[in-house]
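Given the sequences, and given the hints that come with them, work out the whole structure.
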Amino acid sequence: MRKIVIPGDLLTDKPLRILDAIVEDNKTYSTIIGLYDDEKKSLIPLEGLWYPNRDDVVVGIIEESKLNTETVILNAPYKGLIISKYSESHMSSGDFIEANVKELDKTGTVILTRPKILHDGKIIRIKPSKVNRVLGKANTMIKQITEGTKTRIVVGLNGLIWLNGGNIDLAIKAIETVCKEAHTSGLTEKIGTMVGAPKQPNQKISKETETKETTENNEKTEEEMI
Amino acid sequence: MKGNIELIKDGKRLDGRLPGDLRDIKIKTNVVKNAQGSAYIEWGNNKIIAAIHGPNEALPRHTANPNKAVVKCRYMMAPFSSSEEHGRSGMNRRAVEISKVTGEVFENVILLDQFPGTEISIYIEVIQSDGGTRAAGITCAAVALAASGIPIKDLPFSVSAGKVGETVILDLNKIEDNYSDADMPVAVLPRTKEVVLLQMDGSLTKKQYTDAMALILESGKKISKIQRDALISQYSQ
Amino acid sequence: MQLITNKFLKERFALGKRDDDRDPMTYRDIKLTLNEIPNAEGSAIVEIGNTKVLTGVKVDLSEPMSDTPNDGNMTTSAELLPMADDNYDVGPPTPFGVELARVVDRAIRAAGVIDTEKLFIEEGKVWGVFVDMYILNNDGNLFDAGLLASVAALLSCKVPKYENETVIREAMGKLPTKNITTSCTFAKFADNLLLDPTANEEALAESRVTIGNDEEVIRSMQKGMSGSFSMKDLDQLIDVTFEKSKTLRQILKNNTGD
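Chains as they are written, first to last, in my numbering: chain X, 1 to 226; chain E, 1 to 237; chain S, 1 to 258.
Treat the hints as calculated values from the structure; they're not laboratory data.
Any given hint could turn out to be false.
Listed below are the simulated DSS-like cross-link pairs for lysine-lysine, each with C-alpha atoms no more than 25 Å apart in a straight line [as the list claims (entries may be wrong)]:
(1) X:173 / S:31
(2) E:193 / X:127
(3) E:26 / S:31
(4) E:193 / X:130
(5) E:193 / E:153
Below you can see the structure in the form of structure tokens.
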């Protein structure tokens, strides 16, 4: 059973370690607005900020390039930092990059590795809580947007999305629609029609991949909510 | 009773409410596009917008706390918000004090240690006022905060109670506030019933204080329900 | 919602394209809501795309200015609310906020929107009209949105009665008005002229110009930012303003019944 909870709601009368929940008097309470699954004891945020986790893919903009480091704007309360030994190419202020999170250090800085410069194109910002919906189950949503618009797209878990080439305006419109209607069902079909994507061979995706992806993102959960 | 206005007649107040009645309350979320979270409340004739920005890097740097987020709160009344004359623009002493005690309510509930070195800004703009704006503002800002996704340990509500003659009444409007014998705005965490805002002036016996608190707690159930519905309705069609 | 960097917008501008899909000389959707603040004598909310401005008008007893002893007076302010934009801070008015208030103030005065002579009460007593703009969300072109909201609020504004030395707000008459004015704001980038610039476009523009007019004549102008306009640019923009202002006036007339 899944239900929408708000801050202060009792999740379970046992003390459990659940992300975005707190334990008081040996009971567990939500601190956010989210979907709580009582069987899995999981809480999926409906709104919220991005918490950096190791290996997260992020998109950012180089803010400042100093001697051995680059600071990166990430659409988060934290700044990104690239230490030169992790990067091969020279980056300058204003460059768009894709990178992976190495760690969140004690000073609240996100250390990034494997930076790649994203040449040209543009970056748009969405709510980090909508990223999973934009990717879609087994990446179906983003795949059909890419194929339908012929736009190259990199989705950062931090809510920044880089786009280049193809029908970029249509791609942005499709992504905005996904964010606006994230909680509705039948969105994959709607977006498919919008971008004129070739029919996705959804059914051919192996059972294994599908199950794995489903546990990782919340698209299915949101669909079933209605 | 001060003044010469009869605020309660045949057990009913000027606007027809019984002593323990709330005014009508409506809340809508996501009204300010550039904010991280926002809400709009109509509480009787009060109209208030609350918006949350951040967490952002705390600026200027010396205001930052390396262990937790700092809360910056601003409550302000628009110069055209009152039915009387044009108000002075800018922050007066009253607004400075309300901003301070309101900010302290939210320092209590936000899980500040999750965002070291950052600042969270809470803006409460009263665009029409009819008494009880600080309580309505806190109730509204709590919804804006929940809508922003910033983790909070509970969703506070706020309302005031007071006294006309010897009758304890809930949720004073402007005219009642002007002529009442006591006014006591309170904010409460509904789960634990902890009091996170308390102000009072006038005169209350211990018994009247207890009665006023009982009215506040009872009405809190209704206010909390309205807050919950506003938050959840944005996810249903 | 969109975070677009200078580099991209510059390239896009160079191609004659905009921040959004609009043609250079079109407005975003405009929405006008009247009387949102019944406590104020007049009020209006104008939304132009994601830009949202609320004007509230209060009318109070006031002393006339010494040079116009028989006329009512008007005071205009603009509050750039910190919730409206991450770049707005709490504190005293910024130069931009002051410019916005003064440009809107001049447009209203120059066009003679308020019939100030009719605001005379008795010697030493006139009505004072306070026009306060509240910027609720900024996505550019606050000038046109601010003027539209302020004129709409004035057209629907009421005036209290003054009897036996007291102001009576319960029974009010209509604020005497005698004209309608609107403005069109343009941004210039490279050789491109854009009507109704968004915040992104304003951030990159070299120059900006606001032209206020009524049905007959130009009433006010303000050029802003460090760039320039050619004589030819201005000729064209004035023509566009007269054309586009028909729609703006229609929005005012449809809503206020003037």
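Hints, one by one, checked against the model:
| no. | hint | in the structure |
| --- | --- | --- |
| 1 | X:173 / S:31 | holds, 22 Å |
| 2 | E:193 / X:127 | violated, 33 Å |
| 3 | E:26 / S:31 | holds, 23 Å |
| 4 | E:193 / X:130 | violated, 34 Å |
| 5 | E:193 / E:153 | holds, 13 Å |
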